[in-house]
Amino acid sequence: MAKIKSTGAKALLESLRREGVEIIFGYPGGAVIPLYDEIYHCDFLQHVLVRHEQGGGHMAEGYSHATGKVGVCIGTSGPGATNLVTAICDAMMDSIPMVAITGQVRTEVIGKDAFQEADITGITMPITKHNWLVKNVNDLPRVMHEAFHIARSGRPGPVLVDVPVDVFRAIVEYDPDEVQNIEISSFKSDFKVHKVQVKRAAELIAQAKKPVLYVGGGAKAAGAEHLVQALAHKTGFPVTTTLHGLGTFPENDPLSLGMLGMHGTAYANLAVEHCDLLIAIGARFDDRVTGKVSAFAQNAKVIHFDIDPGEINKVRRADVSIVGNCAEALEALLPLVDETQDISEWRAELDAWRVDMPLEFNDGAQDGTLHAEWVIREIARLTDRNVVVTTDVGQHQMWAAQHFGMRSPRQFITSGGLGTMGFGLPAAIGASFGVGPDKDVWCISGDGSFQMCIQELIVATIYKLPVKIAILNNTFLGMVRQWQEMFWQKHYSSVDMERAPDFVLVAEAYGMLGLRCDNVADVEATIRKAMETEGPVLMDFRVVKETNVYPMIPSGQTVGDMIVRKPRQIEEPESTCHYEPRDTRMPVVDEVVDVAR
Amino acid sequence: MATAIAAQTHTITVLVDNRPGVLARVSGLFARRGYNIESLTVSITDNPNMSRMTIVVAGDADTLEQITKQLHKLIDVHKVFDYLDTPMLERELVLLKVQSEPERRAEILQLVEIFRGKVVDIAERAMVIEVTGGGDKIDSFEKQMEPFGIRELVRTGRIAMMRGSRTV
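So the protein lines, in turn, are chains A and B.
Residues in the first sequence are numbered consecutively from 1, following the working numbering.
Residues in the second sequence are numbered consecutively from 1001, following the working numbering.
Watch out, some of these pointers could steer you wrong.
Going by beta-carbon spacing under 8 angstroms, a handful of chain B positions derived as facing chain A [said to hold, decoys possible]: (1) A1024; (2) R1025; (3) D1062; (4) Q1070; (5) K1073; (6) I1075; (7) H1078; (8) D1082.
One-sided and incomplete, this derived list gives chain B residues near chain A with beta-carbon spacing under 7 angstroms [unchecked claim]: (9) R1032; (10) K1069; (11) E1146.
Worth flagging that the hints you see were computed from the coordinates, not collected in a lab.
What you are looking at is a predicted structure, and each value in this text was computed from that prediction instead of being measured.
Cβ coordinates follow ideal geometry from the N, Cα and C atoms, glycine included.
Take the sequences, apply the hints, and build the full model.
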């Protein structure tokens, strides 16, 4: 094709069109006005005006989580760019493909501390797969295509393209077909699965008496859920998943052990503790999974499938490692495994643990109390689990992971690696744009997390998105409170959130229906009302204040230290933290001790 | 885990794109992952688009495996080579300004001769000596100069190359 001539801004949008981008989440500002002028004239792209760049970043993540496509977000120079940092880091930790586009001050004033200048490529160097400051408009079209290529190839992740305002305005003459032919000789992402390693894996599998499949987010990223299921069903091996692996293996399958790790099921953790072969598929031995690494699955041989060579032997040495796309690897492995392998003794052992130590919850039938776990179970039941779920971070997140019972990959969207409070609402909005208006997205949040990106409510209202927000409101920063209760002698330091806005009024102020539920008898009606109402709904569930997430393996400890359930002998403790309005007046002058005197 | 393997000093060569920010990416990676750089040298190569880094780092086999893999993940990095068990040449260069009263010059010059160094500048009471060689040789030259009074000293980092016809 012949060369075309356009502004940098227009060339950037052309690259988005060619990369199949349909939606971007952004916020304008001085340095990106030329780009927004092109967006104004653009007919193939939906731009969602967010209310804070962090929200835009998480929306791009939510969109990507739900669809597998690359999420795109925009911020202006300086604060616009730095506000994206949390979302970029979150995407890095959870391997979410994302392209962040930031404006930069004019090329000639870079490095002079100009107005709204921030060295965003320097700042995001450790939290992106790669980033670029494009000082020459001739590089811009090629860099944009490289950005998408790197974001989605190999182990996915975020990239950032920083464009000075004058580069957006400059004229570039280029061949748009030619710049799409990416060749980065130093970037290797298509690792071929090593057949010999696959064979060795099959040999270990054949010898195993107590095998466990340990499935992470990488299996979902590779679209390998059917192969994971096929492997489990052919061999009869039990399956435990990480937080991001949830849904990759349906939890109603008899082989499912649910989630493992700090707040995993007791039987999943015991299975890993006692197994003689651990087959890790797209999982990275995160510290919330392993606890004390030297004691983790210490009798087991390890087979590790990962697309990132850097993950092999990073935390746990693998006996057999298979680098490459895990769908490809599993396809090669499947014909080599035997379906007649007898592990019935092991299965019996697992079943006994399952019966002895099931996940516990209180449905309020006896004492009439309203528990977060019960609300989550009711949401799952009433929606028939045919919804997408996003969460924030904390107790509600772990309860959602334990009790929802995921059925399909990309159903559960959460901030795992970075643990970003404020992720849930914008991620739900982004996911809703991704899955369309016919599927509800439930944002399960806590009263603390929810207030961190509360401003994005208006976006849900404007676009009438079927986002149903369930705040499990225990008036505490519950997870920190739990640690303070268990390990810090109940010193409830700065976790009291009792003084909060009225969330129902907040919902109404933002133009959506707000519902309050403080009674276990009203849970079903509240959820049904939310499901029947078109567009966004916010529910404020006033749940029991002081309950803990169990099971729990305390940080850095072992399965032997697992607290399986709430200690029985102790009565539910009375709240030790009563809210008293504090005196917030400024001290009068003569009360101030003048240290200089 | 193969933790029994003791920490060892490794010299590695990293071929990178000759682009702004590459040094920051590499040194940032070492810093945030907690790898200790003992020395780092960057220079251009016969290919104007490439730079060559020589990094001296201490670590056990597991750490070196991680360093190599993490370096490879940087888009600017083309090649990483660890010289462990490979016949190689290592060189450093030192410029050393030593106190040299006229009556002690002969003594100093004798030592310079032994170390096959060069006097590159001379003033009334000081001279600047240039010596190249492996790290041990330069350490020992420094030691020999100490009694005369070292006024200033600057050393380059290490550079390395394989012996024989093989290349990195």
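Which hint numbers doesn't this structure obey? Result: hints 8, 11 break, sorted rising.
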